[in-house]
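Construct the complete structure from the given sequences, taking the supplied hints into account.
Order-wise, the sequence lines are chains E and C.
Per our numbering, residue 1 is the first one in the first sequence, and the count goes up by one each step.
Per our numbering, residue 1 is the first one in the second sequence, and the count goes up by one each step.
Just so you know, these hints were derived from the structure itself, not from any lab.
Note that the structure is a prediction, hence the values are computed from the model and not measured.
A few of these clues could be false.
As the list claims (entries may be wrong) - To give an idea of the chain E side of the interface with chain C (calculated C-beta under 10 Å), a few residues: (1) 66; (2) 70; (3) 102; (4) 103; (5) 120.
What the hints assert, rightly or not - With a cut-off of at most 35 Å between alpha-carbon atoms, the simulated DSBU-like pairs for lysine-lysine come out as follows: (6) E:26 to E:109; (7) C:432 to E:109; (8) C:564 to C:577; (9) C:114 to C:432; (10) C:311 to E:109.
Don't be surprised by glycine CBs; every beta carbon is placed ideally from N, CA and C.
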Amino acid sequence: MRDDFAKGADMEITVNPAGQQAVVVKLSGRLDLLVAADVKQRLAQVVNEGFRLIVVDMSEVSFVDSSGLGALIGGLKAARLAGGDLRLASPGPQAQAMLELTTLHRVLKPYPNVTEALQAG
Amino acid sequence: MEYSPLRAIFTHAGWGPAEWAAFRRGLIKILVITNLTLGAYYLLWRGFVSLNWHAWLFALALFGAELYSYIGSVLFGLTVFRLRERGEPPPAPAGLRVDVFITCYNEPVELVRKTVRAAVAIRYPHQTYLLDDGANPAMRAMAVEEGCGYITRSSVWQGFDRHAKAGNLINALEQTTGDFILILDADQVPLPHILDRTLGYFADPEVALVQTPQHFINVPPGDPFGSHAPLFYGPIQQGKDGWNAAFFCGSNAVLRREALARMGVYFFVRDVERRIRRALREADTVIRRAERRLLKADRQRIAPALRALRKAVAQARRELDRGDTFQEVTERFQRRVEEAARLVVADDLRQIMADLAEIQSAEAADIMRSLNDEALLAELAARDRSPLAAIETVRQLIPLLVNEAMDYLPISTISVTEDMSTSMRLHATGWKSVYHDEILAHGLAPEDLRSALQQRLRWAQGTIQVLLRENPLTLPGLSLGQRLAYFDTMWSYLSGIPTIIYLISPPLYLIFGLLPVNALSDEFFWRLVPYLAVNQLLFAVISWGRPTWRGQQYSLALFPLWIKAVVTAAGNVWFGKKLGFIVTPKTRQHGRYFGLVRWQIAMMALLAVSIVIGLGQLALGWRNDGLPVLVNVFWAVYDLIMLSVVIDAAMYQPSEEQ
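And the structure:
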């Protein structure tokens with residue numbers, strides 16, 4: 001039964017360093033409850049590896065649910081506790097709507113693209 | 001669940017269940033309105049005419065207690081005014097992903113096995129998990145034998161607050177992927193059709209929670225510990241359901257994961273905003289204090305910087321109100337604070353750095369802790385420090401407060417009754433709840449007085465924690481009906497002091513001759529008696545044949561427990577003291593428990609003595625106030641009967657076969 005459940009999981013995570021301290025984590029697929037724990041763990045790992053500015057590239061994310069947003073908050077917490085930051089870049093319309101529905105955009109302001117997210121602040 | 005003999009008569013008269021239910025709901029509305037009108041009539045007279053100012057302290061205290069009870073009646077009346085009987089549930093759609101969580105801590109393995117076995121055997125396809133917070137190897141072995149998933153805390157919890165059952169659930173939510181979650185206590189054995197009867201409600205995409213009754217099968221005849229809650233798991237939850245405020249009771253309930261997750265994200269954002277506002281408030285205090293302490297010599301150099309700081313705080317508040325993102329608000333604020341600091345000459349800046357070193361080490365930890373501790377926060381703001389240090393403190397505040405406790409929590413951790421708090425937050429986020437009044441699990445109640453009292457204490461403490469941390473009257477997002485439905489439950493736990501006032505009233509009169517009313521005139525009786533009578537009638541119609549006497553006795557007799565709960569919960573919320581929360585033992589503790597009910601015994605002795613004195617003096621002709629004596633003796637006897645429940649419970653010994 002568990003195997004059936006896991007079939008829905010469809011997410012690719014690619015990590016590309018963008019400088020000494022900065023890294024772009026590109027998510028592709030559905031950011032939902034099936035992958036939330038993996039994503040959170042991966043973001044924490046990137047912080048542990050010494051990166052301080054984490055930009056999550058959302059351009060290829062087709063769908064986000066609230067558990068997925070919870071994973072992003074987990075990554076944000078890890079980054080902030082290490083003295084760094086986590087930023088979202090180019091979320092699609094559905095992700096943008098979820099961010100606004102939950103008011104999370106007030107904490108995680110989405111940037112239009114990866115370059116701006118890396119350069120801001 | 002209704003066994004009214006009256007019902008049988010009316011059924012013969014040709015009334016179907018629908019007519020009957022409609023009749024009852026109408027009758028309840030009429031009785032609620034009558035009751036509240038009579039109560040107001042009585043209380044207005046009591047307040048304006050009858051107070052005996054010769055015994056003003058006692059008179060006001062008793063009037064206060066009566067006012068408390070009346071407000072309770074209003075809240076209760078509102079709750080049951082919209083009684084919602086759901087009847088047959090909608091059919092469960094096929095193909096939902098459902099997890100069943102069984103929470104356990106230190107219960108006997110064989111007891112938990114019964115629940116696990118029944119949970120695995122639930123008919124609707126699902127995955128069962130045992131959430132073992134005791135991480136007991138024997139429990140793990142049992143779970144494997146029964147073909148049940150087994151979850152313990154992951155390593156990320158090491159060194160952090162475990163948040164008891166709330167933490168246990170959060171941990172499991174992270175390790176599982178079901179869209180719907182049935183939650184069961186370790187001693188709640190589910191029936192095979194529990195999911196078939198509850199999942200259908202989730203066809204409404206706004207429904208977050210379906211709660212079913214907690215029913216106990218091990219309660220001895222007479223229910224000595226008042227375990228059954230037929231009024232709560234019935235008319236009260238049905239009444240709350242009418243206001244979309246039926247709440248989560250920790251077990252025998254199905255939850256929608258997306259609702260929990262969305263609520264968690266939403267409350268995370270609110271927590272961040274709350275912390276920023278708190279930081280700004282403290283910044284204000286620090287700046288004002290620095291301004292007051294400014295020496296003449298410094299005024300020229302530093303006052304402009306402090307003024308600029310104050311403006312920065314006000315500006316940040318305006319931006320928050322306007323709905324700007326927190327990042328923008330805090331970045332701009334930090335920039336303005338740095339600009340303000342530059343107004344101070346370079347020499348002073350060096351001084352700032354020196355002060356800073358001192359502040360950072362000592363105060364950083366304090367400030368973070370202070371978020372949950374009003375007293376410490378006040379002390380911090382009042383602490384002496386140089387104006388220069390004040391500037392630096394303000395600069396540090398927001399990062400300190402905001403970055404520390406960023407947590408996404410799909411179950412509320414603000415109270416030991418995480419269930420009630422979680423459902424209140426769900427309601428505040430716009431979700432709906434359902435109370436389905438059908439027994440779908442067979443549970444075990446505490447089997448001795450100590451365990452029963454511990455359980456009651458925990459519920460009361462948790463409810464008061466919620467009241468003090470997230471008052472439903474002010475929590476944004478709730479409807480008025482929801483606010484009052486939650487507040488009703490909290491208000492009922494404040495009954496300790498009013499009960500003491502009621503209990504000592506007869507002795508005060510019979511022994512010391514203190515009468516809180518001017519005179520026990522006809523007027524008094526004509527106002528009080530109809531009020532009390534309609535009150536009882538309303539109660540009878542609401543309970544509709546369900547036995548409620550034990551519950552009434554306990555809610556009065558446990559007055560010392562209610563007071564203890566309020567005091568310890570307030571100490572916990574305001575001063576960070578420990579609650580003394582103890583997990584309820586599931587096995588019987590041996591012995592008799594008079595020590596646990598010593599206050600009730602003392603009160604009973606006082607009542608008994610006052611009866612003897614009152615009647616004795618009357619019989620001997622030493623006093624001639626016959627009517628007041630008889631009225632007070634009546635109340636004293638009533639109180640004795642109510643209180644006697646704890647004596648029975650303390651002496652209770654199970655028979656051999658039990």
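Okay, the hints, checked on the actual structure:
For residue 66 of chain E, the interface hint holds, since its Cβ comes within 10 Å of a Cβ in chain C; the closest pair sits about 3 Å apart. With a least beta-carbon distance of about 4 Å to chain C, the hint placing residue 70 of chain E at the interface is held under the 10 Å criterion. Of the supplied interface hints, the one on residue 102 of chain E holds, with its beta-carbon coming within about 4 Å of a beta-carbon of chain C, less than 10 Å. Nearest Cβ of chain C to the Cβ of residue 103 of chain E: about 5 Å, under the 10 Å cut. The hint holds.
Interface hint at residue 120 of chain E: satisfied, since its Cβ lies 9 Å from the closest Cβ of chain C, which is below the 10 Å cut-off. Note on residue 26 of chain E and residue 109 of chain E: the hinted pairing holds, with a Cα-Cα distance of about 17 Å set against a maximum of 35 Å. Pair hint residue 432 of chain C plus residue 109 of chain E holds up; C-alpha atoms about 29 Å apart against a cutoff of 35 Å. A distance of roughly 13 Å separates the Cα atoms of residue 564 of chain C and residue 577 of chain C; the hinted pair therefore holds under the 35 Å criterion.
At most 35 Å may separate the alpha-carbon atoms for a hinted pair to count; residue 114 of chain C and residue 432 of chain C meet this at roughly 32 Å. Between residue 311 of chain C and residue 109 of chain E the alpha-carbon distance is near 25 Å, which keeps this suggested pair within the 35 Å criterion.
When held up to the earlier numbered hints, the structure conflicts with none and fits them all.
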